[in-house]
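Engineer: Listed below, chain by chain, are the residues.
2 protein chains.
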Amino acid sequence: MTRILGIDPGSRHTGYGIIEGEGRKICHLASGAINVAGALPLPKRLHLIYQQLDQLIREWHPNQVAVEAVFFAKNVKSALVLGQARGAAILAGVNAGLEVAEYSALEIKQAVVGYGRADKSQVEQMIKVLLQLRCQLNGHAADALAVAVCHLNTGLSRSRWAQATAT
Amino acid sequence: MTRILGIDPGSRHTGYGIIEGEGRKICHLASGAINVAGALPLPKRLHLIYQQLDQLIREWHPNQVAVEAVFFAKNVKSALVLGQARGAAILAGVNAGLEVAEYSALEIKQAVVGYGRADKSQVEQMIKVLLQLRCQLNGHAADALAVAVCHLNTGLSRSRWAQATAT
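So the protein sequences, as listed, match chains R and P.
For the first sequence, numbering that gives the first Met the number 0 gives the first residue as 0, with consecutive numbering after it.
For the second sequence, numbering that gives the first Met the number 0 gives the first residue as 0, with consecutive numbering after it.
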């Protein structure tokens with residue numbers, strides 16, 4: 000059984016999603032968003048993101064962490080701010096001794112919807128179907144769950160590939 | 000007596016400098032650079048930066064941390080990478096319960112050389128004079144020491160200002 004914490008980092012809103020899976024069975028455990036006030040000084044904001052992710056890791060004991068890799072941003076300034084939030088999210092994982100995997104938006108959409116150019120609402124819809132969620136899903140939480148599902152599927156195909164090449 | 004850890008964060012080379020000061024007396028305690036191989040995966044690199052800064056904090060017990068604030072980068076990609084390293088550096092400070100101050104390059108040059116448009120070699124030279132360093136100084140360490148000196152001077156002028164306005 001693999002328990003994955005997916006993170007969609009942002010300087011204001013960091014989405015998180017915890018899923019558990021084995022074979023084709025996937026189960027939703029928790030998801031939501033860590034919201035930090037933009038008016039707070041940067042060190043305080045990073046500390047809040049780190050602290051709350053650390054708390055989630057202590058509470059849910061995931062054995063792997065997956066974060067969306069970012070290559071683009073509106074501009075240099077927003078890239079710097081986003082980079083800092085990503086740094087905090089990644090550190091929360093590695094400092095807890097967990098492996099942190101990164102996936103591009105393309106890989107995530109491909110893994111979740113089966114189509115790399117799928118839009119946000121298609122990803123969200125598919126996440127709700129896959130995880131059998133009936134309630135409204137926060138956008139950041141949906142993105143985080145998508146990274147987690149992508150990691151689970153990728154791990155699954157990797158282990159299948161390893162099996163196939165071993166025989 | 001104020002002991003300051005100055006940090007010049009970078010994804011490959013993170014400069015650090017520890018100084019101690021009281022009034023006009025400044026003393027150099029330690030400085031150097033944390034070098035991480037670019038070939039390592041990003042989470043590992045961030046972990047190394049965090050861990051080594053954390054170790055320096057445990058060894059030297061600074062009571063304040065100062066980091067250079069960055070607003071510009073070559074492009075969005077390098078801004079993302081730099082942002083992540085900055086996030087790790089800032090977290091090492093806040094997670095140790097320390098206040099982390101940020102200064103722009105302009106403020107640092109103004110505080111160290113007295114001229115906001117001073118070049119790198121002038122800053123380095125002035126740092127060597129101020130801290131009475133006779134040995135060769137690593138460029139990243141010099142930048143980190145400059146942030147620390149800037150923080151010390153700013154704190155000094157702030158407390159003078161507070162004194163002046165109080166009387």
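If you're looking for bench data, these hints aren't it; they were derived computationally from the structure.
Computed from a predicted structure; not experimentally measured.
Idealized CB from N, CA, C, for every residue including glycine.
Among the clues, some could well be false.
[As the list claims (entries may be wrong)] FRET-style restraints, in silico, Cβ to Cβ:
1) P:Glu21 - R:Lys43: 49 to 59 angstroms
2) P:His60 - R:Phe70: 45 to 55 angstroms
3) P:Gln124 - R:Leu28: 32 to 42 angstroms
4) R:Ser120 - P:Leu28: 52 to 62 angstroms
5) P:Pro40 - R:Asp118: 23 to 33 angstroms
6) R:Lys24 - P:Lys119: 55 to 65 angstroms
7) R:Leu105 - P:Gly138: 47 to 57 angstroms
8) P:Arg23 - R:Lys76: 32 to 42 angstroms
9) P:Ser77 - R:Ser120: 52 to 62 angstroms
10) P:Ser77 - R:Pro40: 23 to 33 angstroms
11) P:Ala36 - R:Ser77: 21 to 31 angstroms
12) R:Asn34 - P:Pro40: 54 to 64 angstroms
13) R:Gly115 - P:Arg133: 28 to 38 angstroms
Engineer: With reference to the structure, classify each hint as holding or not holding.
Structural biologist: We went through each hint and held it up to the structure:
1. P:Glu21 - R:Lys43: 49 to 59 angstroms: 28 angstroms, violated
2. P:His60 - R:Phe70: 45 to 55 angstroms: 39 angstroms, violated
3. P:Gln124 - R:Leu28: 32 to 42 angstroms: At 58 angstroms between Cβs, range violated.
4. R:Ser120 - P:Leu28: 52 to 62 angstroms: 56 angstroms, holds
5. P:Pro40 - R:Asp118: 23 to 33 angstroms: At 30 angstroms between Cβs, range holds.
6. R:Lys24 - P:Lys119: 55 to 65 angstroms: Once the Cβ atoms are compared, 58 angstroms apart, the range 55 to 65 angstroms for P:Lys119 and R:Lys24 holds.
7. R:Leu105 - P:Gly138: 47 to 57 angstroms: 38 angstroms, violated
8. P:Arg23 - R:Lys76: 32 to 42 angstroms: With a Cβ separation near 37 angstroms, P:Arg23 and R:Lys76 satisfy 32 to 42 angstroms, so the hint holds.
9. P:Ser77 - R:Ser120: 52 to 62 angstroms: 32 angstroms, violated
10. P:Ser77 - R:Pro40: 23 to 33 angstroms: For P:Ser77 and R:Pro40 the Cβ distance comes to about 24 angstroms; the hint holds.
11. P:Ala36 - R:Ser77: 21 to 31 angstroms: 28 angstroms Cβ-Cβ, so the 21 to 31 angstroms window holds.
12. R:Asn34 - P:Pro40: 54 to 64 angstroms: 29 angstroms, violated
13. R:Gly115 - P:Arg133: 28 to 38 angstroms: 59 angstroms, violated
The structure is inconsistent with the numbered hints 1, 2, 3, 7, 9, 12 and 13, although it conforms to all the rest.
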